[in-house]
Amino acid sequence: MKVVFLFLLLCITTVRFAQTGNIDFNSPNNIKKFADYLYCDDDYFRAAIEYERLADINRSDTIEFKIALSYSYIKDYYSAIQKFSGIINSSVYFNEAKLEEMKVNFLINDFAGLRSYFKNSFIAVVNKYQTEGEKLFNFSYLFTDDELPSKDEFLLPFDVNEEEKISSFYDWKKEPPYKKGTLAGIMSAVIPGSGKIYAGETGDGIVSFLTTTVFAFIAYDNFKAGHTTRAWIWTSVAALFYAGNVYGSVAAAQVHNAKITFEFNDGLNVYLNKKNYYITKYEFCD
Amino acid sequence: MIKIFFIIVLLFTGFVLPQTNQLKQVGDKAGWVKWEKADTRYEKPSEFRHREYSFDTENVSGFIAKSTANAYWYFISDLDGDNCPYRPSCSSFFVQASKETNIVQGTLMFFDRFTRDFNIYKRHEHYPRVKDGHYYDPVSLYTLDENQIDYIPPSVTVTK
Amino acid sequence: MNFVINRKHIATTILLISSASFAQNSFDAQFNFAKKLYSNENYFDTVTELKRLLFFDEKGEFNYEANMLIGKSYKQGAKFSDAIRYLTLAEINAINIDELYNTRIEIIRINILRRTTRRAINLLDILETDERFTDRSDEIKYWRGWAYMFADDWEQAAQTFAEIDTTHVLKALAEEVDDDLYSVSFAKTISYIIPGAGQIYTGEYISGLLSLGWNVLWGYLTINAFVSERIFDGIVIANFLWLRFYRGNLQNAENFAQEKNMVISNRALNYLQFEYDGLKP
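First to last, the protein sequences are chains A, C and B. Each step along the first sequence adds one to the number in the working numbering, with nothing skipped, and position 247 is 247. So the working numbering is basically just the index in the second sequence, starting at one, shifted up by 286. So the working numbering is basically just the index in the third sequence, starting at one, shifted up by 446.
Please note that the accuracy of each hint is not assured.
[Said to hold, decoys possible] Each computed DSSO-like pair below joins lysine-lysine, with the alpha-carbon atoms no more than 30 Å apart:
id, chain 1, residue 1, chain 2, residue 2
1, A, Lys32, B, Lys482
2, C, Lys352, B, Lys706
3, C, Lys320, A, Lys281
4, A, Lys33, B, Lys497
5, A, Lys128, A, Lys275
[Claimed, not checked] Cβ-Cβ distance ranges computed for the label pairs, FRET-style:
id, chain 1, residue 1, chain 2, residue 2, range
6, C, Glu322, B, Gly649, 55 to 65 Å
7, A, Pro177, C, Glu411, 14 to 24 Å
8, A, Thr62, C, Val319, 25 to 35 Å
[What the hints assert, rightly or not] Computed footprint of chain C on chain A; a stretch qualifies when at least three of its residues, placed anywhere within it, have a C-beta under 8 Å from a C-beta of chain C:
id, region
9, 124-136
10, 255-261
11, 270-279
Calculated from the structure, these hints are not laboratory results. Think of the CB as a built atom: it goes at the ideal place given N, C-alpha and C, for glycine as much as any other residue.
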């Protein structure tokens with residue numbers, strides 16, 4: 001009797017600590033709780049690792065989606081794309097995952113990939129975010145040198161309040177205010193420094209003009225005074241500055257073009273970032 | 287008898303738990319790995335500039351440019367102070383430009399660089415800086431090959 | 447009746463002990479697991495497991511120890527800002543003087559290691575003026591000495607170690623380094639008077655002589671131009687050549703002294719890192 005009673009007690013205590021007093025840090029439920037905490041603490045890599053420890057049976061649509069988002073947030077875009085594309089049609093986050101995949105394509109500058117993805121998969125399977133997808137699709141043209149769609153077609157998915165800004169982006173891309181290198185070179189060949197001023201480098205243009213003319217004048221002055229050797233030395237210096245100025249004007253136009261392209265792309269990225277790539281924020285953390 | 291049960295209960299509770307704490311190993315993901323022990327050196331990194339006097343070029347224009355630059359560095363540039371606001375310095379720019387293009391184009395690029403050297407107007411709005419405060423003005427911007435141009439805005443501090 | 451009472455007692459005791467000991471063991475086991483990861487230099491996972499422990503430790507029993515070890519793990523990964531963040535959490539949760547002192551010293555060591563030595567010295571000042579830590583003044587001085595060494599102030603370092611013990615091995619080292627160092631201001635001053643002298647003082651003989659040569663040449667040409675009343679030539683040579691090389695001479699004197707000093711102090715710092723046996727930051 002005594003033994004049976006004590007055995008029962010042992011059973012009760014074992015069951016008890018398994019349920020309440022004991023914390024099994026690695027039970028699926030606790031792993032999930034901990035992962036949720038890490039995710040909301042912006043510790044995304046650890047959150048992803050914890051979520052991934054859960055067996056398939058314990059993973060919800062939300063968890064699968066949060067894993068993919070975590071990789072995207074820590075800029076592991078390779079894993080992010082794999083995870084987003086692995087989210088199946090029946091998931092409640094299917095549409096969001098497809099849009100997020102487009103965003104990742106943007107972040108890795110894979111615009112060609114983005115476009116084929118949009119045309120071949122997105123349009124066919126996503127039913128909720130067609131406009132948002134189309135906006136990103138159109139935006140991709142602003143980052144490449146591929147031929148732009150017509151302006152009306154381009155502006156179609158955008159709201160009225162966005163139209164003005166998007167229209168100015170489009171116009172810039174259609175006719176970028178590039179400077180022509182050849183023209184800059186010819187200008188500087190005629191009037192030293194003028195090509196640099198045309199290419200936006202006013203200071204360098206003035207300096208080019210001064211160096212070339214001053215050395216040319218010194219050379220001329222020496223010729224006039226009969227100092228032929230010195231005159232030829234100064235002539236060579238003036239000629240080198242002159243030739244350097246023509247060459248430099250062509251280069252300055254190229255650098256100017258690279259600069260404004262950079263600034264344009266930067267402006268696009270800032271705009272897209274401000275719009276969060278047309279993806280609504282998720283409310284996973286209170 | 288009761289004592290024995292007590293001991294068993296205690297032992298049992300003691301043994302079970304450490305096992306539940308064994309972790310399932312999760313492999314590191316591609317592109318993002320767990321950070322590891324880092325080697326923190328006590329010594330200070332040297333920021334002093336050392337000239338590269340050795341010849342590593344096989345073409346003639348590179349050799350001529352490098353010889354001229356070496357002589358200039360040894361007898362003049364190392365002795366007349368830090369007068370070049372840019373990195374690479376004017377003479378290094380000449381050597382690199384000649385190596386990457388040819389002596390004629392290198393010379394033109396060198397004289398063009400002189401023009402920028404003389405212009406003290408609003409440099410800080412034009413060029414990014416390297417860590418030691420010099421302006422960064424690399425050869426790659428001026429070879430006339432647009433694909434080589436990697437524009438860096440002035441707000442960035444260049445580490446290369 | 448007696449037996450029944452006994453049974454109840456036994457039952458209650460078993461329940462209490464088993465649940466209490468289990469709760470204790472479960473958290474202890476997790477902490478030990480983290481410590482094992484730490485000793486295996488698996489610092490990333492150490493942090494994960496300690497964060498897990500802290501997350502479930504609702505009573506906050508491990509707030510000090512776990513945060514301390516997280517801080518140390520981040521330190522090993524050279525993530526010093528994170529390390530200090532968690533060590534500060536440990537400091538807030540310290541329940542006695544020893545714990546408080548240990549966290550502060552850890553924070554100071556990190557500030558030494560990452561060369562925010564001014565911060566380290568400020569924190570040491572606070573510790574030194576705190577009456578609770580008067581019996582640990584030697585240890586506080588020891589870390590102050592290290593802070594001075596990392597701040598490149600070897601003279602102060604030697605003095606600080608001497609306050610602990612005049613025969614302290616680090617006192618001898620710091621003194622030796624301080625003796626070996628070149629005086630930057632002396633190098634510059636003598637180059638002001640005789641161009642090239644500062645370079646020669648730092649062992650750069652050829653550079654010193656070449657500097658002297660150029661300055662003599664341009665000086666001669668300048669004076670010669672003025673004497674023969676070629677004022678314009680004189681101004682041009684003085685301004686564009688003599689002054690340029692004179693200024694270069696001063697820059698070189700300063701740079702050489704600084705560079706040589708860096709080699710000397712780096713040699714000592716390398717010794718401290720790889721050969722010195724005592725406590726290190």
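Each hint tested on the structure:
1. A/Lys32 - B/Lys482: Holds - the C-alpha atoms of lysine 482 of chain B and lysine 32 of chain A are around 24 Å apart, at most 30 Å.
2. C/Lys352 - B/Lys706: holds, 28 Å
3. C/Lys320 - A/Lys281: Measuring from Cα to Cα gives roughly 28 Å; hence the hint holds.
4. A/Lys33 - B/Lys497: holds, 12 Å
5. A/Lys128 - A/Lys275: holds, 18 Å
6. C/Glu322 - B/Gly649: 55 to 65 Å: violated, 41 Å
7. A/Pro177 - C/Glu411: 14 to 24 Å: The hint (14 to 24 Å, Cβ to Cβ) holds, given that proline 177 of chain A and glutamate 411 of chain C are roughly 19 Å apart.
8. A/Thr62 - C/Val319: 25 to 35 Å: holds, 26 Å
9. 124-136: As far as the region 124-136 of chain A goes, the hint is violated, because 0 residues have Cβ atoms under 8 Å from chain C.
10. 255-261: Since three or more residues must qualify, the claim that chain C covers the region 255-261 of chain A holds, with 5 doing so at under 8 Å.
11. 270-279: It is violated, with 0 qualifying residues against the three required.
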